[in-house]
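Asker: The primary structure of each chain is shown beneath.
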Amino acid sequence: MRQEELTIHPQGKTEEYFINMGPQHPATHGVLRLLLTLDGEIIKKVDPDLGYIHRSIEKMTESDTYRQIVHLTDRMDYLSAHINNEAVCLTVEKGLEIEVSDRVKVVRTIMAELTRLSSHMLWWGVTGMDTGALTTFMYAFRDREMINDIFEETCGARLTMNYFVPGGMMWDIHPNFQKRVKKFIAHFKTKLPEYDLLLSDNVIFRKRTEGIGYLTKEDAISFGVTGPGARASGFSCDIRKKQPYSAYDRVEFKEVLGTKGDTFERYKMRILEMWESLHIIEQLIDNIPEGAIQEKTNAVIKLPKGEFYQRVETARGELGVNIISDGKKSPYRMHFRSPGFSNLSVINHIARGWKVGDLVAIMATFDFVIPDIDR
Amino acid sequence: MYDFTGMIQGINNWLHSVMPDMAATVVGWVLIGAIYLAIFAVLGLVLVLAERKIAAFFQLRLGPNRIGPWGIFQTVADAIKLLLKEPVGTKRADSFLYNLAPYFVIIGALMSISVLPFAKGLQAFDIDIGLFFMLAMSSIGVMGILLGGWASNNKYALLGAMRSGAQMISYELSVGLSLLTVILMAGSLQMSEIVEAQRDYWFIFKGHIPAVIAFMIFTIAGTAETNRTPFDLTEAESELGAGFHTEYSGLKFAFFFLSEFVNMFIISAIAATVFLGGWMPLHFGGLEGFNHVMDYIPPVIWFLGKVAFMIFLLMWFRWTFPRLRIDQLMKLEWKYLLPLNLMNILLMAFVVLMGWYLGS
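Keeping their order, the protein sequence lines are chains A and B.
In terms of the numbering used here, the first sequence opens at residue 1 and continues consecutively.
In terms of the numbering used here, the second sequence opens at residue 1 and continues consecutively.
Hints are computed from structural coordinates only; laboratory data are not their basis.
Among the clues, some could well be false.
Cβ-Cβ distance ranges computed for the label pairs, FRET-style [what the hints assert, rightly or not]:
hint, chain 1, residue 1, chain 2, residue 2, range
1, B, A308, A, F18, 43 to 49 Å
2, A, K217, B, D327, 26 to 32 Å
3, B, F290, A, H187, 46 to 52 Å
4, A, K260, B, D327, 16 to 22 Å
5, B, L83, A, N20, 27 to 33 Å
6, A, D49, B, D94, 28 to 34 Å
7, A, D149, B, L304, 39 to 45 Å
8, A, T190, B, S188, 50 to 56 Å
Derived, one-sided and incomplete: chain A residues facing chain B with beta-carbon distance under 8 Å [to be verified]:
hint, residue
9, I19
10, A27
11, V31
12, G128
13, T131
14, A133
15, R142
16, D143
17, K355
18, V356
Chain B residues, not near chain A, derived (Cβ > 10 Å throughout) [claimed, not checked]:
hint, residue
19, M7
20, S17
21, G28
22, A55
23, L100
24, K155
25, Y296
26, I297
27, F321
28, L324
Here a beta-carbon is modelled for each residue, glycine too, at the ideal position from N, C-alpha and C.
Using the sequences and the hints, build the whole thing.
Answerer: Listed below in structure tokens is the structure:
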């Protein structure tokens with residue numbers, strides 16, 4: 001039962017008060033401002049105020065060429081840079097009607113899954129921190145470092161990769177790539193159970209997350225929630241399954257679905273997704289086919305007149321890229337349907353009636369990246 | 001074997017012989033005060049460094065390692081930085097209470113060290129209500145936190161202070177009752193007598209089942225008393241920024257910060273004195289040879305070793321557990337710890353009445 005229904009005011013009603021959570025606050029993981037209305041510790045209303053890190057990326061795309069746009073997307077959801085790059089590349093390729101080689105498809109999938117792993121690791125670390133267990137952060141970063149090293153070797157960057165270009169990828173994978181990825185998988189398979197031992201099975205963490213912050217399947221659909229947050233409520237929305245792109249149609253993996261829709265279920269979804277990602281990489285890493293790393297494209301790409309849309313599954317949910325082209329070298333209008341924005345909209349609905357500590361835990365399990373919400 | 005009573009008495013007699021009685025008493029007070037201030041400062045520096053090193057050990061890091069060998073001067077540098085820092089406060093605070101609050105916290109912590117026996121005779125005040133005095137003094141700290149949180153005129157600080165008030169007053173009950181359970185065996189609140197009563201067996205062995213239960217309850221409640229994870233709701237970094245000391249900086253912040261560590265020392269010292277025999281070496285009634293060998297290790301080493309063990313335990317909690325929520329915190333105390341404690345004290349009374357404990 002929600003706390004608000006249990007609250008009894010023997011001396012009449014207590015006074016509600018207002019508190020600013022953010023823009024500088026440790027739990028909002030960036031410059032998100034939440035206007036909280038509280039009754040003691042109980043949350044009456046959450047009103048997110050956005051725009052503190054708005055860089056008008058969508059407007060900037062209108063004066064950039066399609067090759068340049070890829071760079072901008074690194075800066076949206078910086079934890080799934082590869083997947084964002086891939087989304088734009090896929091949309092442009094759709095417009096150009098290019099079919100990339102199998103090698104590119106497989107490498108893109110491996111990179112995307114490594115990105116998902118590294119994003120989920122970081123999420124796991126900060127979820128622990130948000131609930132007060134500071135050690136998780138360091139554990140997660142130990143393992144994430146290996147992925148960053150793999151990225152650095154192949155792409156030259158650790159955060160803003162910008163490795164994919166329309167028509168393929170910028171250069172071929174590093175000769176060490178397969179060896180290091182396999183080493184990472186072997187390492188991480190021994191470390192992922194440690195995550196459960198440290199946090200998932202901790203009785204305090206369970207008390208803090210189980211039965212807290214319910215989201216029903218209907219609400220998830222009506223608010224447009226996607227990603228692990230929605231799958232925890234049983235809403236099957238994995239784009240990798242629904243509209244397979246790149247090499248997802250040739251690998252075998254489960255779409256992790258939950259039933260309860262509480263905070264712990266959302267937490268569990270991501271832990272299980274990490275196992276699935278490992279499984280996907282394992283299937284592909286030994287069978288990277290030979291082939292061209294780039295299809296032939298013009299130096300300045302011009303999309304034909306029309307509207308092109310492509311969806312991908314980032315670590316946070318569904319990212320949609322919509323390009324309206326008028327045939328010139330830059331788009332007439334470009335829109336990103338970012339997962340974080342829709343996921344944030346449901347916070348007020350879920351968090352009402354719970355306590356301040358619960359709000360932090362709920363926000364942690366939706367894994368907000370603020371530049372992705374603001375763009 | 002190591003008895004400091006004579007030495008202290010000698011110093012006292014010498015002081016009285018070279019100056020009038022009144023002056024000797026005052027000089028004695030000043031000396032004691034200076035020594036305790038030094039202990040206080042060293043404790044703060046050592047414990048902060050220990051916390052950082054132990055945290056690093058749990059978190060696959062190195063910890064401070066730049067200033068001095070193994071970073072041992074890191075906390076000294078930090079202390080100097082905090083001393084020299086400009087105090088940045090808020091205009092809208094109630095400045096009198098705002099400035100007063102850190103002193104409540106630090107004085108409470110300082111006063112309660114004064115009754116701790118470091119060895120036989122090495123104790124500032126051996127009053128007959130020693131343990132009671134210690135608990136009373138250590139709970140003055142909550143006043144400072146409440147004042148600081150209220151006077152800061154900041155909603156985060158207020159929330160932290162509200163939580164702190166609720167938490168510390170509730171857990172005081174468990175701390176007191178769990179100590180009372182063990183005191184039944186000693187029959188005295190005087191620190192020196194409590195330690196002396198553990199000559200054959202430490203109380204945790206002597207009182208077996210009820211004493212172990214009391215020890216566990218005390219460790220949980222003691223962690224809550226010191227506002228450390230998993231009970232650090234007062235600060236709750238990810239929820240409230242910095243909780244009650246959000247608006248404090250520089251030296252005033254340092255007082256809050258230091259007192260947390262000194263409070264941790266106090267809770268560990270109480271646990272060491274009451275449950276683990278204080279400065280008393282590891283004795284087992286009847287094993288004369290073993291007891292004699294143990295006596296060769298100085299009592300101060302025993303005492304500090306036991307305290308270090310307790311402090312390590314508390315730090316282990318902090319770097320492993322997530323934080324509880326405020327209602328869960330209250331539920332734990334009032335629904336579980338308190339009834340268990342009351343049952344336990346009854347059990348202990350029965351054990352003492354029937355003489356079912358170890359030793360005599």
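Asker: If a hint holds in the structure, say so; if it doesn't, say that too.
Answerer: Comparing the hints with the structure gives:
1. B:A308 x A:F18: 43 to 49 Å: holds, 46 Å
2. A:K217 x B:D327: 26 to 32 Å: holds, 28 Å
3. B:F290 x A:H187: 46 to 52 Å: holds, 48 Å
4. A:K260 x B:D327: 16 to 22 Å: The hint (16 to 22 Å, Cβ to Cβ) holds, given that K260 of chain A and D327 of chain B are roughly 21 Å apart.
5. B:L83 x A:N20: 27 to 33 Å: Holds, since L83 of chain B and N20 of chain A (Cβ atoms, about 32 Å apart) stay within the stated range.
6. A:D49 x B:D94: 28 to 34 Å: For D94 of chain B against D49 of chain A, whose Cβ atoms are near 30 Å apart, the range 28 to 34 Å holds.
7. A:D149 x B:L304: 39 to 45 Å: The hint (39 to 45 Å, Cβ to Cβ) holds, given that D149 of chain A and L304 of chain B are roughly 44 Å apart.
8. A:T190 x B:S188: 50 to 56 Å: holds, 54 Å
9. I19: It holds, given that the least Cβ distance between I19 of chain A and chain B is near 5 Å, below 8 Å.
10. A27: holds, 4 Å
11. V31: Violated, because the Cβ-Cβ distance from V31 of chain A to chain B comes to roughly 15 Å (cut-off 8 Å).
12. G128: Nearest chain B Cβ about 7 Å off; hint holds.
13. T131: Cβ of T131 of chain A sits 4 Å from chain B, so the hint holds.
14. A133: With a minimum Cβ separation of about 4 Å from chain B (threshold 8 Å), the hint on A133 of chain A holds.
15. R142: holds, 6 Å
16. D143: violated, 10 Å
17. K355: holds, 6 Å
18. V356: holds, 5 Å
19. M7: With a cut-off of 10 Å, M7 of chain B remains clear of chain A, as the shortest Cβ separation is near 45 Å.
20. S17: The claim stands: S17 of chain B keeps its Cβ more than 10 Å from every Cβ of chain A (closest is about 56 Å).
21. G28: Consistent with the label, G28 of chain B stays out of reach of chain A, its closest Cβ about 45 Å off (over 10 Å).
22. A55: violated, 8 Å
23. L100: Check passes; 25 Å lies beyond 10 Å.
24. K155: violated, 5 Å
25. Y296: holds, 39 Å
26. I297: holds, 34 Å
27. F321: Answer for F321 of chain B: violated, closest chain A Cβ roughly 6 Å.
28. L324: violated, 6 Å
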